[in-house]
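Visitor: Listed below, chain by chain, are the residues.
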Amino acid sequence: GAGVSQTPSNKVTEKGKYVELRCDPISGHTALYWYRQSLGQGPEFLIYFQGTGAADDSGLPNDRFFAVRPEGSVSTLKIQRTERGDSAVYLCASSFDPNYGYTFGSGTRLTVV
Amino acid sequence: GQQVMQIPQYQHVQEGEDFTTYCNSSTTLSNIQWYKQRPGGHPVFLIQLVKSGEVKKQKRLTFQFGEAKKNSSLHITATQTTDVGTYFCAGSFNQAGTALIFGKGTTLSVSS
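Residue numbers (this note's numbering), protein chains in the order written: chain G, 1 to 113; chain L, 1001 to 1112.
Hints are supplied without guarantee of correctness; some may be wrong.
[Unchecked claim] Some chain G residues well away from chain L (every beta-carbon gap over 12 Å; in silico):
| no. | residue |
| --- | --- |
| 1 | Lys11 |
| 2 | Asp24 |
| 3 | Phe45 |
| 4 | Thr52 |
| 5 | Asp56 |
| 6 | Gln80 |
| 7 | Val89 |
[Claimed, not checked] Reference listing, derived: stretches of chain L covered by chain G, where coverage requires no fewer than 3 residues with Cβ under 8 Å from a Cβ of chain G:
| no. | segment |
| --- | --- |
| 8 | 1036–1045 |
| 9 | 1099–1112 |
In case anyone wonders, no lab produced these hints; they're calculated from the structure.
Note that the Cβ used here is the ideal one computed from N, Cα and C, for glycine as well.
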């Protein structure tokens, strides 16, 4: 596609529920990143994929968070047993080369009530 | 952990005034990138600096990378209302250039 597509754009879920957030990167971009951004803060790194494998998952806050990219294109961020503190905008970005700029999607605003 | 500090957090200027935001790290960076996020939008890539002492210009924007590769700045000359937004620096701490660490950003407001 022309840009990085993220769905849904908004997600409201109850505390304790499971959610999946989807990212469709720019075609041909092998690098894919997940960040989350809270109000008034900079994007916080979660996980980085190079192809199908997670090259760096050091930013995942705990084992409730998991991400996959099975075919090296679309990625899904999965959050189990959501907590109110998980509320944030989850941003996905892709790049054809990690040494160049990232193209971000519009994000998924997750609200846990 | 590795952090990128950015100041000021907020800056208000009159249209036509200059604006500068500063970014620094306690650890040497392999490169630094700058992004702009408009209110309600997502970060948009502006530029990457790689070399020690590098200076790059984009119209009214001037980007600098320090000699020690631990600090950077973005300077906007003669601000316009279209410059409104939050400017983030993002540093990479390893040679592969993975996993950018973002600063908290400087939010610029401009009154006409």
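Visitor: I'd like to know which numbered hints this structure contradicts. Please list them from smallest to largest.
Guide: Those not satisfied are hints 3, 5, 7.
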